[in-house]
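A.B. asks: Going by this note's numbering, the sequence shown opens with residue 1, and the numbers climb by one from there.
The hints are simulated quantities; they were obtained by calculation from the structure and are not laboratory data.
Hints are supplied without guarantee of correctness; some may be wrong.
With beta-carbon atoms standing in for the labels, derived distance ranges [stated by the list, open to error]:
| no. | residue 1 | residue 2 | range |
| --- | --- | --- | --- |
| 1 | GLU53 | GLY31 | 30 to 36 angstroms |
| 2 | PRO4 | THR33 | 24 to 30 angstroms |
| 3 | THR57 | THR33 | 38 to 44 angstroms |
| 4 | ASP23 | THR46 | 39 to 45 angstroms |
| 5 | ALA54 | THR9 | 15 to 21 angstroms |
| 6 | GLU47 | ASP23 | 22 to 28 angstroms |
| 7 | HIS10 | ALA43 | 17 to 23 angstroms |
| 8 | TYR58 | THR33 | 41 to 47 angstroms |
| 9 | SER6 | ARG50 | 22 to 28 angstroms |
| 10 | ASP23 | ARG50 | 25 to 31 angstroms |
| 11 | GLU56 | LEU13 | 24 to 30 angstroms |
| 12 | ALA54 | ILE11 | 23 to 29 angstroms |
| 13 | GLU47 | THR25 | 31 to 37 angstroms |
| 14 | ALA52 | ALA28 | 33 to 39 angstroms |
Glycine residues also receive a C-beta, built at the ideal position from the N, C-alpha and C atoms.
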Amino acid sequence: MLPPISDVTHITLVVARLGGHLDRTSDAPPGATVIWRGLSRLADLTEGVRIAEAPETYG
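Put together the whole structure using the sequences plus the hints.
C.D. replies: This is the structure:
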């Protein structure tokens, strides 16, 4: 079970982690490139789940 979503900052950090941001205390906030990579990864994961859950259909 996932924790509840608290705010936009939380969502941004989750997406940035998918993009490679380590979120250490000494790290700068995630930049546009890292967030873009995270969104791209999220899109790939979402598409994979959609394909995996697709019903089997035969000709």
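A.B. asks: Take the hints in turn and mark each one as holding or not.
C.D. replies: Each hint tested on the structure:
Taking the beta carbon of each, GLU53 and GLY31 are about 33 angstroms apart, inside 30 to 36 angstroms as hinted. Judged by the Cβ atoms, the range 24 to 30 angstroms given for PRO4 and THR33 holds: they are separated by roughly 29 angstroms. For the hinted restraint 38 to 44 angstroms between THR57 and THR33, the CB-CB distance of approximately 40 angstroms keeps it satisfied. The beta-carbon spacing between ASP23 and THR46, approximately 22 angstroms, falls outside the hinted interval of 39 to 45 angstroms.
Distance hint check: the CB atoms of ALA54 and THR9 are about 34 angstroms apart, inconsistent with the given range 15 to 21 angstroms. With their beta carbons about 25 angstroms apart, GLU47 and ASP23 fall inside the hinted range of 22 to 28 angstroms. Separation of HIS10 from ALA43 is about 19 angstroms and conforms to the stated range, judged on CB atoms against 17 to 23 angstroms. Distance hint for TYR58 and THR33: a CB-CB separation of about 44 angstroms, consistent with the stated range 41 to 47 angstroms.
Against the hinted window of 22 to 28 angstroms, the Cβ-Cβ separation of SER6 and ARG50 comes to about 27 angstroms, which satisfies the hint. At roughly 28 angstroms, the beta carbons of ASP23 and ARG50 sit within the given window of 25 to 31 angstroms. For GLU56 paired with LEU13, a C-beta distance near 38 angstroms fails the hint of 24 to 30 angstroms. Checking the proposed 23 to 29 angstroms range against ALA54 and ILE11 shows it holds: the Cβ atoms sit about 27 angstroms from each other.
Our hint of 31 to 37 angstroms for GLU47 and THR25 holds, since their Cβ atoms are close to 34 angstroms apart. As the Cβ distance of ALA52 to ALA28 is approximately 36 angstroms, the hint placing it in 33 to 39 angstroms holds.
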